[in-house]
Amino acid sequence: GNSVTQMEGPVTLSEEAFLTINCTYTATGYPSLFWYVQYPGEGLQLLLKATKADDKGSNKGFEATYRKETTSFHLEKGSVQVSDSAVYFCALSSPDTGRRALTFGSGTRLQVQP
Amino acid sequence: DGGITQSPKYLFRKEGQNVTLSCEQNLNHDAMYWYRQDPGQGLRLIYYSQIVNDFQKGDIAEGYSVSREKKESFPLTVTSAQKNPTAFYLCASSQTPGQAYDEQYFGPGTRLTVT
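Protein chains in written order, with the working numbering: chain B, 1 to 114; chain P, 1001 to 1115.
No lab work stands behind these hints: they were computed from the structure. Here the structure is a predicted model, which means the values were calculated and not measured. Any given hint might turn out to be false.
Think about it this way: if two alpha-carbon atoms lie no more than 20 Å apart in a straight line, the pair counts; the simulated EDC-like pairs of lysine to aspartate or glutamate are [said to hold, decoys possible]:
#1 B:56 x P:1102
#2 B:52 x P:1102
#3 P:1071 x P:1024
#4 P:1009 x B:42
#5 B:77 x B:16
#6 B:77 x B:8
#7 B:68 x B:54
#8 P:1009 x P:1072
#9 B:52 x P:1103
#10 B:56 x P:1103
#11 P:1083 x P:1062
#12 B:56 x B:76
#13 B:52 x B:76
#14 P:1070 x P:1024
#15 B:60 x P:1103
#16 B:60 x B:76
#17 B:77 x B:54
#18 B:60 x B:15
For each label pair, taking beta carbons as the anchor points, the in silico distance ranges come out as [unchecked claim]:
#19 B:41 x P:1018: 20 to 28 Å
#20 B:54 x P:1095: 20 to 28 Å
#21 B:109 x P:1053: 34 to 42 Å
#22 B:46 x P:1083: 29 to 37 Å
Each residue gets a CB set at the ideal place from its N, CA and C atoms; glycine is no exception.
Please put together the full structure from these sequences, using the hints given.
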């Protein structure tokens, strides 16, 4: 079946540091890949997505590249801010399953200190 | 503004009582989903619906029920058969159920506490 594995958190960084959150996946066919962000007590917001190999999704300074050869979709940001503190979820949607629901990783909590 | 509303934000119930969580969307999306989130874990799919009057079980459907009588509404009932109902419940929708690239939009969630 499909699965998503994320690096465990929390990840604690100082403001303006470089961020990488690793995400690898197992899926049949050619899935679409997503990063969602969740702020405390709220629902999830789509951060970025990529729908085919070598696509780069980007938004608000965050980037992730769909690497089929390594089955990875790592999230990066060059300079984090305190306001980026949140939980980040990697997810996939596989066209080979009938339901189109997302399969999520367990989430990685990011804490950015001033 | 278009979006998904869930109510209430916090819900408290006694063990043995059924409780219904509301989810409404005005995005004109065909597909709707219910997920459960437990502390430190990812989201797990409870039920989903790709069209009105049709819904399918997800990975953890036992102890839950849903209905989809209207396109914009997808209420979730947590029954007394659900052994560990205390959790954060998230509703989502997507425009085109047949497309894997179609992102899902999430509501703000309902935190259910059963004592």
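Tested hints:
1. B:56 x P:1102: 16 Å, holds
2. B:52 x P:1102: Between residue 52 (chain B) and residue 1102 (chain P) the Cα gap is close to 13 Å, so the pair holds against 20 Å.
3. P:1071 x P:1024: 9 Å, holds
4. P:1009 x B:42: Between residue 1009 (chain P) and residue 42 (chain B) the Cα gap is close to 10 Å, so the pair holds against 20 Å.
5. B:77 x B:16: Within the cut-off at roughly 9 Å; holds.
6. B:77 x B:8: 18 Å, holds
7. B:68 x B:54: 7 Å, holds
8. P:1009 x P:1072: 19 Å, holds
9. B:52 x P:1103: Given pair residue 52 (chain B), residue 1103 (chain P) holds - Cα atoms ~14 Å apart, limit 20 Å.
10. B:56 x P:1103: 16 Å, holds
11. P:1083 x P:1062: 9 Å, holds
12. B:56 x B:76: Answer holds: residue 56 (chain B) to residue 76 (chain B) is near 11 Å, not above 20 Å.
13. B:52 x B:76: Cα-Cα ~18 Å, so holds.
14. P:1070 x P:1024: 10 Å, holds
15. B:60 x P:1103: 18 Å, holds
16. B:60 x B:76: It holds: about 11 Å lies between the C-alpha atoms, which stays within 20 Å.
17. B:77 x B:54: 18 Å, holds
18. B:60 x B:15: 16 Å, holds
19. B:41 x P:1018: 20 to 28 Å: Holds, at about 25 Å.
20. B:54 x P:1095: 20 to 28 Å: Because 25 Å falls inside the window, the suggested range holds.
21. B:109 x P:1053: 34 to 42 Å: Cβ of residue 109 (chain B) to Cβ of residue 1053 (chain P): about 40 Å, so the range 34 to 42 Å holds.
22. B:46 x P:1083: 29 to 37 Å: Distance hint for residue 46 (chain B), residue 1083 (chain P) holds at roughly 32 Å.
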